[in-house]
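Chain order of the listed sequences is H and W.
Here the working numbering runs 4 ahead of the position in the first sequence, where the first position is 1.
Here the working numbering runs 4 ahead of the position in the second sequence, where the first position is 1.
You can take every hint at face value.
Computed list of lysine to aspartate or glutamate pairs in EDC-like fashion (alpha-carbon distance at most 16 angstroms, straight line): (1) K240/W x E129/W; (2) K131/W x D91/H; (3) K131/H x E129/W.
Hint data in this document are derived by calculation from the structure and do not stem from the laboratory.
Protein chains: 2
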Amino acid sequence: MRNFKMILQYEGTRYQGWQRQETSENTIQGKLETLLSKMCGHKVEVQGSGRTDAGVHAAGQVANAHLETDRSPQEILEYMNSYLPEDIAVVAVEEVGERFHSRLNAKGKTYCYRVINSPLPHVFERKFTYRVEERLNIDAMKEAAKLLCGTHDFAAFTSAKKSKKSTVRTVEEIRIEEQKDEIFFYFTGNGFLFHMVRILMGTLIEVGLGKREVFEMTEILASGKRERAGALVPAKGLTLLNVRY
Amino acid sequence: MRNFKMILQYEGTRYQGWQRQETSENTIQGKLETLLSKMCGHKVEVQGSGRTDAGVHAAGQVANAHLETDRSPQEILEYMNSYLPEDIAVVAVEEVGERFHSRLNAKGKTYCYRVINSPLPHVFERKFTYRVEERLNIDAMKEAAKLLCGTHDFAAFTSAKKSKKSTVRTVEEIRIEEQKDEIFFYFTGNGFLFHMVRILMGTLIEVGLGKREVFEMTEILASGKRERAGALVPAKGLTLLNVRY
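Isolated chain H (complex conformation) (with noise of 0.2 angstroms):
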């Protein structure tokens, strides 16, 4: 068996996130796994470099699979790009080692939230996009982002039950930047918790619109409550940027 790795792209809308389901054909993981076995005439397992929840984009995610195959790593991107469905493409990929894993060896990750900030409808950007209405205070989201950052438990920030699993992970930076009306969100992580930058957006957001007070994010994160975190932003925002090894 052959080991390749590969960066896929996204457009997470009509998925229901990455992780194959039981009860549904309509995931990325299932799309890629089906499409490989068909190829390989074995029974394929894709690993990725994480879950992206239902809804969610990603421009660089990252995932593994062991193949019995005779086709070169171009081949195999050719192939599957014939195959696919025309939002979801294969980038590149390279044979690796047998021991690379895509989620183990994964050393971080970063994600991009965009939000409109306008009181008009952005057409074109609007399956990427979430808009707030309101003028955000970009200075005092920056103040409150800085707080944020750094190696915290982070467990108000994510809607996983409580389990004995350590809560605990480093933001190395969060970069916000405006483009006209519209606000990039850069989140780099060595790894983020289940919902957890929908929530850090969401809190925020809530501190752009002067619902809170930058010192309010210490509080939360030494509370380890969920419920004194911000409000869960959409999915639709949120795009998994690129994987680091």
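Since chain H is already given, all that's left is putting chain W on it; use the hints.
Relative to the frame of chain H, chain W by itself:
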């Protein structure tokens, strides 16, 4: 009756084009007229600066309508955006003199045609671009574009049937800009015939692929024959950017 000018954006993907049709509910003009007729309680006609074909997008279509209403331009904008489907938006409304006519007063228009020049699919841009896998020669296309600019009889570059109407138009500029693996073609002129931009594009692409020589442009123009020009490229790559008055 007050006369209102509006600037519209739409993704043309799921519409039968701009122009109202007896047989289809699914046109941009139809959607706008139905909505404004409901708002005003009288039959409203919305006059566009020109038709866009099925599948063509607009970032700055201009239209006007005579309305019996007490609403302010801002109120009309908000009313419309709250009822329009998410792939149509009004980005500006202003009251204008009763003689303003969006089509008759238009002095010029700019369209953009977007080409992805890559062997890889582009998931996020797929609905707004046309992909050409083979490498295009941009310098050759720029040379050919120069020959197409100016005041010419563009009879060879339209799908419209021969009629007594003049097919002379002035193309002021065809600007070609490369950005990574995407090529933007900007067409500015005083008016464009039916399918003209898409046939000009098809012809330029054939030059870029080496299937035609630059000098042929002059011959095609002189011939006035549709069959001498290149193929009609897909509507989805085309966007009406703005209308000049």
